[in-house]
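Undergrad: One letter stands for each residue in the lines below.
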Amino acid sequence: MELQTLTYLVVGATFALYIGIALWSRASSTGEFYVAGGHVHPVANGMATAADWMSAASFISMAGLIAFLGYDASVYLMGWTGGYVLLALLLAPYLRKFGKFTVPEFIGDRFDSRTARLVAVFCLIVASITYVIGQMKGVGVAFGRFLEVPFEVGVLVGMGIVFIYAVLGGMKGITYTQIAQYCVLIFAYTVPAIFISLNLTGHVLPQVGLGADMADGSGVSLLNRLDQVVTDLGFAAFTAQKSTDLNIFLLTASLMIGTAGLPHVIVRFFTVPKVADARSSAGWALVFIALLYTTAPAVGAMARLNLVETVQPGAVGAVDGNLVYAERPEWFRNWETTGLLGFEDKNGDGRIQYYNDADPGFAEQAQAHGWKGNEMVTVDRDIMVLANPEIAGLPDWVIALVAAGGLAAALSTAAGLLLAISSAVSHDLLKGMIAPNISERQELMASRLAMAGAILVAGYLGMNPPGFAAETVALAFGLAASSLFPALMMGIFSLRVNRAGAIAGMLAGVTVTVTYIVVFKGVFFIPGTELLDNTPDNWLLGISPEAFGAVGAVANFIVAWTVSRMTAPPPEHIRQLVENIRVPGGLPSGR
Amino acid sequence: MTESKENAVPAQDARHRAAAYWKANLRLVAGCLAVWFLVSYGFGILLADPLDRFHLGNYPLGFWFATQGSIYVFVVLIFFYAWRMNRLDRRFGVQEDDAPADRA
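Sequence order for the protein chains is Y and E. Mapped onto our numbering, the consecutive letters of the first sequence carry residue numbers 1 to 591. Mapped onto our numbering, the consecutive letters of the second sequence carry residue numbers 1 to 104.
Hints in this document: simulated from the structure, not taken from any laboratory. There could be a bad hint or two in this list.
Claimed, not checked - Residues from chain Y shown here face chain E by an in silico Cβ test under 10 Å; the list is partial:
(1) Val157
(2) Trp284
(3) Tyr293
For every residue, glycine included, the Cβ atom is placed at its ideal position computed from N, Cα and C.
With the hints as extra help, turn the sequences into a complete structure.
TA: Take a look at the structure:
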């Protein structure tokens with residue numbers, strides 16, 4: 001069967017499954033719409049959380065980052081998993097005990113303040129919308145690449161699918177769809193990885209294969225081989241550290257704290273029946289995430305090795321060491337047509353030279369070989385996952401599966417984000433502030449309308465992405481880390497932090513983080529408006545803008561604590577609220 | 001839920017017990033976070049260079065912690081915490097009822 005037809009079949013089958021689930025799991029109350037009625041089994045919730053969390057970025061881009069950054073990309077691996085420890089130990093059980101529907105709702109109740117709730121709503125919406133743009137783009141790209149339909153049509157189809165199950169089913173529909181989406185995406189990710197690991201090392205588990213010897217009988221370890229071939233071409237060694245300790249430390253911290261503070265993840269723990277379930281569910285979520293995250297380093301490393309050894313099959317410097325362009329493999333041609341791989345014969349020898357021409361130390365050697373610059377002018381990081389099955393020579397159905405997996409990853413995350421946005425609008429803004437007297441039926445209708453509106457906005461922004469779309473991930477994590485996480489944590493762990501402290505803290509955290517991002521990335525990320533060039537020399541102590549969320553979080557903690565100390569402690573009923581959420585079964589009575 | 005249980009406990013006692021429960025929880029959280037910090041920021045970042053002289057399979061040890069080991073430890077940590085907390089809940093008699101309130 002034609003690959004195209006097969007891809008349509010596999011993707012169509014997954015979509016039919018999602019819609020079937022949507023029809024089966026319609027929400028009939030606000031409780032079902034916001035938190036799936038609080039009836040989700042902890043293991044099921046863990047699986048849904050994993051799909052909710054792992055976006056197009058995790059599925060498609062992360063292995064590519066690892067392939068080219070090597071050790072330095074471990075910030076994403078540690079950052080995006082370590083956050084779940086913070087979530088499980090510091091937030092999830094207590095917020096589940098609190099037992100309401102949204103994250104801003106907790107902040108508003110705990111600090112007895114509409115202003116605090118409003119600041120939280122603002123941070124939630126900005127963080128979630130920046131995040132959802134990327135998912136919609138991912139849907140459009142996946143459609144365009146695998147099904148050869150125009151980008152806009154792809155986004156529209158994606159919007160339609162999400163519309164059906166998110167508007168009908170709310171959190172209930174989203175949860176059960178996400179479980180199906182997790183199964184699709186993890187299968188699509190691990191199957192090619194297993195085959196490639198078998199090819200290169202003879203080990204079934206990629207996690208073991210990455211730390212094993214090459215299967216070619218040379219007795220050389222895979223990591224040593226990779227370090228060798230890339231350094232031979234002037235690139236930095238895969239296992240070597242390139243950035244400073246401080247920057248890696250703070251970037252990891254920002255990603256961890258940001259992960260724990262992202263509302264669309266936190267709210268998933270509102271859906272389990274009990275506090276004890278919230279604790280274990282975070283563990284299950286991480287098990288399901290770890291399946292992909294521990295596979296990703298192997299995928300990245302092995303794909304890089306395959307790529308380099310394809311274009312440099314012989315000795316570096318030998319005339320016949322480089323691949324003849326006319327003899328390039330089929331997958332190379334396929335990806336050239338998408339523009340994600342690009343070749344330019346700079347020295348006119350008809351062979352491909354792929355090396356690091358930015359390294360002055362390697363220039364002399366390159367000149368001696370008659371090389372006139374790196375000829376692989378485009379190597380898009382994303383093809384490390386997308387082209388993996390073809391590079392490994394896997395059957396067509398695996399390629400079709402990768403398309404379905406990428407779509408599952410993008411759609412599941414988009415749905416979770418859209419739910420966070422729509423419940424902030426209908427529950428926090430409308431019911432909480434503007435019209436507190438609306439009935440449950442009216443609120444349910446409002447939340448459906450808000451969801452539909454959010455899908456339209458996300459779709460529009462996906463099709464007309466602001467130029468800064470790719471840059472805004474720093475903003476999403478920065479906001480979550482510097483505003484929401486500290487406010488939530490102090491709300492639970494401190495009896496003393498009060499309204500004034502929390503608001504001042506959140507504003508301080510956001511100001512510090514956003515200012516630093518603006519200085520280096522420009523106002524609204526518009527090129528030319530940045531005050532300083534975004535280079536390590538200009539960074540404060542060498543801290544990149546992406547890593548500054550952790551500094552903002554510290555500022556938030558310090559300001560909130562200081563201001564609270566200088567003002568009156570929270571009233572008695574707040575004290576009771578905090579004491580109550582700290583104990584799963586509630587305080588023994590008689591207070 | 002609060003009304004149904006422990007009606008016989010005097011107010012003062014209940015407060016003390018809640019405080020003791022919270023203190024035990026904080027100790028456990030602190031211990032778990034120490035391990036969390038050690039395997040990621042410690043072994044994976046700050047001590048990665050000296051650890052890389054040792055190997056696990058062919059993985060340099062620091063590199064292994066940064067890309068694999070820390071994640072495995074995180075998973076174990078969360079389940080360990082959940083297990084110990086559930087035990088703590090029962091010891092202090094603050095576990096939730098088996099039939100949770102319906103929020104639908």
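Undergrad: Against each hint, give a clear statement of whether it holds in the structure.
TA: Here's how the hints hold up against the structure:
no.	hint	in the structure
1	Val157	32 Å, violated
2	Trp284	9 Å, holds
3	Tyr293	6 Å, holds
Hint check: a violation occurs at hint 1 only; the rest are consistent with the structure.
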